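Protein sequences, first through last, are from chains A and B.
Residues in the first sequence are numbered from 1 upward in steps of one, following the numbering used here.
Residues in the second sequence are numbered from 1001 upward in steps of one, following the numbering used here.
Accuracy of the hints is not assured; some may be wrong.
To be verified - Once the Cα atoms are required to be at most 20 Å apart in a straight line, the calculated EDC-like pairs of lysine to aspartate or glutamate come out as: (1) K1287(B) / E1273(B); (2) K12(A) / E1219(B); (3) K1347(B) / D1359(B); (4) K1307(B) / E1254(B); (5) K12(A) / D1156(B); (6) K1229(B) / D1156(B); (7) K1003(B) / E1177(B); (8) K1281(B) / E1304(B); (9) K1307(B) / E1241(B); (10) K1288(B) / E1180(B); (11) K1197(B) / E22(A); (12) K12(A) / E1215(B); (13) K1313(B) / E1373(B); (14) K1003(B) / E1180(B); (15) K12(A) / D1225(B); (16) K45(A) / D66(A); (17) K1203(B) / E22(A); (18) K1003(B) / E1048(B).
Unchecked claim - Among the chain A residues that face chain B by a calculated CB cut under 8 Å, a handful are: (19) I14; (20) C18; (21) P57; (22) N72; (23) P87.
Because the hints were derived from the structure by calculation, they are not lab data.
Every value quoted in this text rests on a predicted model; they were computed, and no experiment measured them.
All residues carry an ideal CB built from backbone N, CA and C; glycine is no exception.
Take a look at the letters that make up each chain.
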Amino acid sequence: MAVVQDAIIGWKTITHGCHVLEAGSTRHFRTGDWRSIRPVTDNEKCIKCGMCYIFCPEMCYEQDDDGYFVANLDYCKGCGICANECPKNAITMVPEEED
Amino acid sequence: MAKRVGVEVSIAIAEAVKLAQAEIIAAYPITPQTHIVEHLSEIVADGELDAEFIPVESEHAALSTCCGSVAAGARTYTATSSQGLMLMSEVLYVASGMRLPIVMTVANRALSAPISIWNDHQDIMSQRDCGWIQTFAENGQEAVDLTIHAFKVAEDKKVSLPMIVNIDGFTLSHVIEPIELPDQEDVDRYLPPFRPKYRLDPKRPISMGPVGIPEVYTESRMAHDQAIKNAKRWIIKAWDEFEEIFGRRYNPIEQYMAEDAEILLVTMGSISETAMTAVDKMRDDGKKVGLLRIRLWRPFPSIEFRKAAKGAKALAVVDRTLPPGAASGPVASELRNVFYKVPGAPKTFGFIAGLGGRDVTVERFEEIVDKAEFYSKKRPKELYEVIGVREK
Ligand code: SF4
Ligand code: SF4
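Produce the complete structure using the sequences and hints provided.
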């Protein structure tokens, strides 16, 4: 969370009107850090239909070189929607503490 | 030469906005402010002002539209009153927190319930802490001058805060007064084009109004507070320049017969004119009475007030709102703070008068002064008193 730490500035140095002057800066905020369960895809079952990609409210699925969909865990909040929507039940939600 | 004309104050304010060359006007009609934006919509429709008049569905939308337009870099104006200001409330804080220099006229009016369209200061006092710079006009000329001044101050890069010019509903908005409308070239000389510090531009994207996490929220509020306090300098400087170009002088606190006064009335807005007449009468009767009129309400001119009230025994403060359950009216509270533990400070007595359109007459001011005189010898039981209320 280095960038958030950098953002901790004083009242004299805070930006005018608290504006964010850098475009696309929300990328720095890893919003997935409070997730308690995460999606794990079984590529054996996956048919690469992309439903997980379409339904993920965080838009955190990306396609890898082989065409499989991979969740970016920096932003995945563990809501389980992808697992629920997957027509092949290829996605399992796994508790975070059981690595 | 600017000509003096007999004109309704609302129309004159609209003309002032035209002279200021506002580019976006987004407004919703509400009594007693309607004539201002009605006239502006005519001016725009007639092609006299190259602006976009946006008729919106509510005051909430009006001020939200203004936020967007000023953020995009357009000179922006709106006006409202009473319940309309209540509906804007949420966006008032958004505009000031985002440092968006919108100029707004508030035609002060009472709040429901019971329904009242008449004048007092309950609407604006409920938004006292909205973070906008706030001035009060006493007459039509001041309403015009303070409107032009507001654009200059609000849009100044060193200030960059929204600004409200308060005018008393009906008492000012609906009366015809002799008003000198400034010449366009003088206004152009006074008011430079709007060049905001930051604006929304697809070529250089920035975000306005982000989340302020607990780690930065306090700092952002402190920065806002300091910005409005620092603005006082530029508010006064803009009045200095106003005097140079237009010949009329304005100050944060206006004094009338105050130098040797023992009792000072403190007023805000149009009742100040009646108060001056009352002071004249009491002076004729040999009473050492003076008047301080608050022109700049936010930021509050504390230092100027201490100076202006020096030597007085008592302050008779007239509040035009009755905040239920409060220790006293907002103006009296403010002044008690300003004078707290100041050596030789005058005693502050709070009076509440002129609610919901009830006139505050010369006789009422005499009554207030008599009471303040009495209370300076014998401490009153209450921190404020409602003047002219029927006790039955
Ligand atoms: S669990 Fe929710 S946030 Fe995470 S990848 Fe699935 S749909 Fe997206
Ligand atoms: S929804 Fe299921 S099957 Fe479809 S791409 Fe995602 S993981 Fe594969």
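Taking the hints in turn, this is what the structure says about them:
| no. | hint | result |
| --- | --- | --- |
| 1 | K1287(B) / E1273(B) | holds (19 Å) |
| 2 | K12(A) / E1219(B) | holds (8 Å) |
| 3 | K1347(B) / D1359(B) | violated (26 Å) |
| 4 | K1307(B) / E1254(B) | holds (12 Å) |
| 5 | K12(A) / D1156(B) | holds (19 Å) |
| 6 | K1229(B) / D1156(B) | holds (14 Å) |
| 7 | K1003(B) / E1177(B) | holds (13 Å) |
| 8 | K1281(B) / E1304(B) | violated (26 Å) |
| 9 | K1307(B) / E1241(B) | violated (23 Å) |
| 10 | K1288(B) / E1180(B) | violated (34 Å) |
| 11 | K1197(B) / E22(A) | holds (15 Å) |
| 12 | K12(A) / E1215(B) | holds (14 Å) |
| 13 | K1313(B) / E1373(B) | holds (9 Å) |
| 14 | K1003(B) / E1180(B) | holds (6 Å) |
| 15 | K12(A) / D1225(B) | holds (11 Å) |
| 16 | K45(A) / D66(A) | holds (14 Å) |
| 17 | K1203(B) / E22(A) | holds (12 Å) |
| 18 | K1003(B) / E1048(B) | holds (19 Å) |
| 19 | I14 | holds (5 Å) |
| 20 | C18 | holds (5 Å) |
| 21 | P57 | violated (18 Å) |
| 22 | N72 | violated (21 Å) |
| 23 | P87 | violated (36 Å) |
The structure shown violates the earlier hints numbered 3, 8, 9, 10, 21, 22, 23.
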